[in-house]
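Visitor: Sequence:
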Amino acid sequence: MEPNQLARRFSSQEVAAATLLMTKSHQTTSSAIAAFSVKDTIAWFASMGVELKCEETGKLFPVTDKARTVLTALVTRCHDLGIRIQPDHRVSSLETSPEGGFILQHSQGTLHAKRVILATGGRSIPKSGSDGVGYELARGLGHQVTRTVPALVPLVLNDRMFHKTLSGLSQEVELTTMVKGLKVDQRTGSLLWTHFGISGPVVMDASRFWCLARAQHDPVVVNCNFVPGHSQEAVREWFLAESLAHPRRTLVKTLAQRFPQRFAESFCQYAGCDGQTASAQLPRKDRDHLVALLTKFPLPIAQDRGWNYAEVTAGGIPLEEVNFRTMESKLVPGLYLVGELLDCDGRIGGFNFQWAWTTGRLAGLARGLPI
Numbered sequence: 001m002e003p004n005q006l007a008r009r010f011s012s013q014e015v016a017a018a019t020l021l022m023t024k025s026h027q028t029t030s031s032a033i034a035a036f037s038v039k040d041t042i043a044w045f046a047s048m049g050v051e052l053k054c055e056e057t058g059k060l061f062p063v064t065d066k067a068r069t070v071l072t073a074l075v076t077r078c079h080d081l082g083i084r085i086q087p088d089h090r091v092s093s094l095e096t097s098p099e100g101g102f103i104l105q106h107s108q109g110t111l112h113a114k115r116v117i118l119a120t121g122g123r124s125i126p127k128s129g130s131d132g133v134g135y136e137l138a139r140g141l142g143h144q145v146t147r148t149v150p151a152l153v154p155l156v157l158n159d160r161m162f163h164k165t166l167s168g169l170s171q172e173v174e175l176t177t178m179v180k181g182l183k184v185d186q187r188t189g190s191l192l193w194t195h196f197g198i199s200g201p202v203v204m205d206a207s208r209f210w211c212l213a214r215a216q217h218d219p220v221v222v223n224c225n226f227v228p229g230h231s232q233e234a235v236r237e238w239f240l241a242e243s244l245a246h247p248r249r250t251l252v253k254t255l256a257q258r259f260p261q262r263f264a265e266s267f268c269q270y271a272g273c274d275g276q277t278a279s280a281q282l283p284r285k286d287r288d289h290l291v292a293l294l295t296k297f298p299l300p301i302a303q304d305r306g307w308n309y310a311e312v313t314a315g316g317i318p319l320e321e322v323n324f325r326t327m328e329s330k331l332v333p334g335l336y337l338v339g340e341l342l343d344c345d346g347r348i349g350g351f352n353f354q355w356a357w358t359t360g361r362l363a364g365l366a367r368g369l370p371i
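full-length UniProt numbering puts the first residue of the sequence shown at 1, with every later residue one more than the last.
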């Protein structure tokens, strides 16, 4: 698909409304995205020779299906612009200089800079270098840092759950996250059962709400509806209709009409029901219990998988402390803050990359750099 054709599928309004949802300042992020939208990103990569394709989900990938294609293009662009990349110079401190500008202490010595763009990433996947040092550098210069928690991270279930028997199985579900008795998030999507618990797009998107509540010691429950879009009463009517139509069919076989066989077997066992009992002979008490669990199953989440498996970081430097026309700090002139350092994280699907492209572009242009 040509860049112009791809671009017509997106608008800055769609990106602002549909992607950067995990922030308290939607108007601020919308104005930033409008300045460098998905359409602009497509054109930018095309100018570097990276052809993109759009999948049915709306996600964009290089036609090569290789992340290295993007990496190579970015590194080549840096070399073309005469930018030196010094991966062995780890910054340990950053402070303002009495003579103006900044003094950076790094593993190879000291560096004086007129301006600094902090693009260190958050805390996710620390082996890549994003171990949270950027927050400490910004905090040392007077910036606040809100509570940071893993986001887009798989969740670990208690061992009493039946997830291990379902490892590798995907199901369409609806997850509702309740914090202190109030609904804070509800979404439908694919859940992937794993040997440790649950993953998949719907889980990854919901995880930041669970992680934040747990970090704040707030009571949190994630309820799973295995029949998304259907109420408890609707599922009860379906079950009764199936039982009347096929009175000798076992409970497992009845559930297998709507769910994967493995799930039906494990679910019956977890619910304390004999899966070989004829559905029509299931006591009303057991039937009501089964239906209730199918539509409002409290997932026994023990913990998240931590920073090593989190794709992004939720929380960070408040957006109110940054000028979004330039990404310059409102507290420290000459300091620019971009990407995941800021208190803004997107849902799964590459939207955090767009946030990085956008804020990095704005900072670079404000700094007077060729992009």
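Check each hint, because a few of them may be wrong.
Derived BS3-like pairs (lysine-lysine); straight-line CA-CA distance at most 27 Å [stated by the list, open to error]: (1) Lys330 <-> Lys114; (2) Lys53 <-> Lys39; (3) Lys39 <-> Lys66.
Simulated restraints on C-beta separations [what the hints assert, rightly or not]: (4) Asp159 <-> Gln281: 28 to 38 Å; (5) Asn323 <-> Asn158: 38 to 48 Å; (6) Glu56 <-> Leu141: 40 to 50 Å; (7) Asn158 <-> Gly129: 41 to 51 Å; (8) Pro333 <-> Lys59: 21 to 31 Å; (9) Thr165 <-> Ser47: 47 to 57 Å.
Derived from the structure by calculation, the hints contain no laboratory data.
Note that the structure is a prediction, hence the values are computed from the model and not measured.
For each residue, glycine too, the CB sits at the ideal point set by N, CA and C.
Visitor: Out of the numbered hints, which ones does the structure contradict?
Guide: 7, 8
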